[in-house]
Every structure is written in C-alpha cells, then in structure tokens.
Amino acid sequence: MRFKLTILVVTFVTIATLFASRSALNAAKPAPGPSERGSYTITIKNFEFSPRDLVIPVGSKVIWINKDEEPHKVAEVNSTFTSQPLDTDGSFTYEFKATGKFEYFCTVHPRMTGHIIVGGK
Amino acid sequence: MSRKILHDHNHDGIDRRGFLECMAWAGTGALCVLSGGVLKSYGLSDPRQAAKAMAAGDLSFVQISDSHIGFNKAANPDVAGTLQAAIDKINALPMKPAFVLHTGDITQLSKPEEFDTAAQVLKGLKADHVFYVPGEHDVLDGTGKLYRERHGMNSPGDGWYSVDLNGAHFVGLINVLNLKAGGLGYLGRDQLDWLEKDLKNVSSETPLVVFAHIPLWSVYPDWGWGTDDSAQALSYMKRFGSVTVLNGHIHQTMRKVEGNITFHTAFSTAFPQPAPGTPGASPGPMAVPAGQLRNLLGITDVNFVRGQHALAVTDSTLAEMASPMMPGMGSQQ
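First to last, the protein sequences are chains A and B. Letter 111 of the first sequence, counting from 1, is numbered 1014 in the numbering used here, and no numbers are missing. Letter 135 of the second sequence, counting from 1, is numbered 1147 in the numbering used here, and no numbers are missing.
These are computed hints drawn from the structure, not numbers from a lab. Note that beta-carbon positions come from the ideal geometry of N, C-alpha and C, so glycine has one too. Mixed in with the good hints there might be a few duds.
[Said to hold, decoys possible] Per label pair, the in silico range of CB-to-CB distance: (1) K964/A x A1086/B: 28 to 34 Å; (2) V961/A x E1161/B: 38 to 44 Å; (3) G1289/B x I1020/A: 29 to 35 Å; (4) H1018/A x A1097/B: 41 to 47 Å; (5) D1176/B x A1001/A: 52 to 58 Å; (6) E1161/B x N981/A: 26 to 32 Å; (7) S1216/B x S994/A: 52 to 58 Å; (8) K970/A x A1243/B: 32 to 38 Å; (9) N1103/B x E998/A: 52 to 58 Å; (10) D1202/B x V980/A: 17 to 23 Å; (11) E998/A x G1136/B: 45 to 51 Å; (12) G1253/B x I1020/A: 53 to 59 Å; (13) T946/A x A1086/B: 19 to 25 Å.
Generate the whole structure from the sequences, applying the supplied hints.
Put into structure tokens, the structure is as follows:
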C-alpha cells in the first residue's frame, strides 16, 4: 500500500512539473527563429539594416521599417524584390516563397547592404 | 576644433584633417567668377566683394544645392523658406549672374508636387538660366523620369549634357542612377564614352567646369561620399589647364586640389549634415540649436588654382569662412 502511494505521489509531481515547464515555455515564447516560419522585422536606422544578415525558413515574411529621417529604398540585387521609396516610418513587406540567398541594398544609399538566407521548410 | 593643416599627404597643400575642417554646415550658395580661365568662388554675404569680383571676371554664376523641397523634419521644417532666402541673396547681387547651377536633390522624395514647389520658388530667380543635375532624391523612381520631364533639356542617355558659355565648357554629369550594391556614385560606361567624346572637341586651353551631385572625389566612401568610376572621367580632363569640379550631396563645403583639378562641394540650402566620420553620426539631416541654421547662411569657401598649385585657401579656417561679419575674409588666393 505504502509502495503504491509513493508511486502515485512521484507520478503526480512529474506530471505537475511537466505542465509547469510547458506553461513557462508558452509564456516566454521567443521570436520566430531560423526554423520557425513567421514574420521578421528588419529595422533601418542610422543608414544600416538591422539585423544585416537574417536566416529564415521558406514561407516567411520580412518587413523592413525605415526609422531614419532619410528615405531608403530596398532592392534585391537581381530585382527579385524592390520597394517603393520608404520615408520615415514607411515599411515594405516581402514573402520569401523559395529557398536561396538574397543580397539586397538601398538603391538610394548603396553602401547599405544586407543578406537573407531562406532555408528549407 | 583645430584650424591648422597638420599633414600634407598628397603634397598638394591640403591635409585630410585640414580640408575636413574647411567646411561649413549650411549656406545659401556660392558665387563663381571665371576670370582669366580660373574659377574663383565667393560667399554671397559680402555684396561689395561680390560686385568687385563680378566686374573683374569674364563670367559669373551661382551654385546652389540640396534644397530637399518636401523635407519637413526637425533639421529644417521650412526648406522652401531657406531656398527662398538663398534666392533673395542671389537677387541682391550687384550684377545678375549669367546663370544659376543647382547641383541636385532639388526634392526630398521625387514627388511631382515637390518639383512643382521648387520650380515655383526658383521662378523668382533673377537669372537667365538655371542648369540642373539630379541628386539621388530626385530619381527615387529609379529612372529619373519626373526630373527629366522638367530639367532634362532633351539631353542624351540618363540626362548628361554639356554647354559652352563665355569661352568655358560646362559639363553636367549624372552619378545617381544605376547605383550598385555596396558601391558609391556611378557614372557608367555609356556616360564615360559620351564624356570622352565630348571633351575631344574641346581645346586644352578652354576652362572646363564639371558638375555632378555626388562628389567626383573620395570625400568619405564609408558614407557613400564618392563616385566609383570617377577616376576614369577625371582621366579625360588631365590635359586641360583649368578644371573645376562642383558637387553637392554632402551639405557642407569642402575643397581639394589635385593636379589641374579643383574640387568643390557646396552648401545645402536645406539642412546640415555631420562632418564625415563624426563618431556615432550617419550621413543624414542634422538638427542644430534653434536660430543657428540661418545664422550660418551666406558662408562659403574660396578657391583658386592654377596648374598644380594649391593656394592659401588651404589655410582658411572654419571660423574665418563661417563668419560673414569678418571683412576681407570672403576670398583668398
């Protein structure tokens, strides 16, 4: 009887711990990582893309937001995507539907460059 | 700020630190007078000196730049007003300049209404002609269509052109289109071929004045202040006795003498930008304390070159150049 009670208590504690861990994980869910599809934001500030290099899974969307007082214009070097001129707080979104490495730059200030690597699903 | 030339790396009378210091934040424009084949520039803040220079010169014109009509941020919420102030100063000159040269960034976002506003304000200029080259802000559509519709003068290629005036040859170059990732300003093969052909028909004794928006010399490549293929263009100008290159883009005056070529960059009529390499700064609009912006208007640099001689202008200080109240400091040679 005492043995059965011990097993019951241990089982309960284990299950409770598992639930608690899961809840904690859900509460502090990190931003989508390289293996997780979602939306990623690249901030344009002080004439730099941040992050400059980004790894994302296929099907992800990337949003560029201009926080400078200068207009910027985002373009992939092979014209896969090109934004309109982005004034302050302007944004541009592109969905990456295929794998590959994409180099992009600001066509107004071409020293500003960045890369996006789109991995598998 | 140090006001002395410390290192003369190129043996041209100018050290990098020195010419970086020989600049001003914002201004109304520069009066350029061509005399005896040599181009000099004068501030617009000293009418007596301007009158004297214009009377003695063969040709005078005014350069203004970077008006950024449409910009409305803290660095200058009234760019149309400061452009108007520049025009008022030009109109107050004792003699009408032969023409006015605008070296680009007429607008902030290449919008039709911005071009229209700029045209409306510039209509008040007392000058027979206004010549333009576009800045990167004027060609945000990627082709410069709106700019060319207004200022293209039916010129070939992307809009480059040359004009002969009063014995001098003026060349307007476009270095703000087809920019490459990681690169600087760009002229391109077609324009270079055109330039080489254009200059072949000009005698070496003819004063040559070349203007483009982005500097044709490497002011500060980390901030994009230079042109990738300018060396090729400049190689076509080596045989000329007097070459003056006028640029905008960096919103502050700088100059450099390299052999037979004198490089100038102009003030903005809109807002200042930081000195190149300023720690923590980027090449964007810079707000200055209230009231300072217009106090700095009217300042300009001075230059004079003959052959390979860089002159005393390299000893000019920012304070001397910036002070419109200091008599006799508006021109040096």
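Results of checking the hints against the structure:
The given range of 28 to 34 Å is respected by K964/A and A1086/B, whose C-beta atoms sit roughly 32 Å from each other. For V961/A paired with E1161/B, a C-beta distance near 42 Å keeps the hint of 38 to 44 Å intact. Here the CB-CB span from G1289/B to I1020/A is close to 32 Å, well matched to the stated 29 to 35 Å. For H1018/A paired with A1097/B, a C-beta distance near 45 Å keeps the hint of 41 to 47 Å intact.
Between D1176/B and A1001/A the beta carbon distance is about 54 Å. The supplied range of 52 to 58 Å therefore holds. Look at E1161/B against N981/A: about 29 Å separates their beta carbons, and that is inside 26 to 32 Å. For the hinted restraint 52 to 58 Å between S1216/B and S994/A, the CB-CB distance of approximately 53 Å keeps it satisfied. For K970/A paired with A1243/B, a C-beta distance near 35 Å keeps the hint of 32 to 38 Å intact.
N1103/B and E998/A have their C-beta atoms about 54 Å apart, which keeps the hinted 52 to 58 Å range intact. For D1202/B and V980/A, the Cβ-Cβ distance of about 20 Å falls inside the hinted range of 17 to 23 Å, so the restraint holds. Taking 45 to 51 Å as the suggested C-beta distance range, the pair E998/A and G1136/B conforms, at roughly 49 Å. Taken as a hint, the range 53 to 59 Å holds for the pair G1253/B and I1020/A, whose Cβ atoms sit roughly 54 Å apart.
Evaluation of the 19 to 25 Å hint for T946/A and A1086/B yields a pass: the beta carbon distance comes to about 20 Å.
Of the numbered hints listed earlier, not one is contradicted by the structure.
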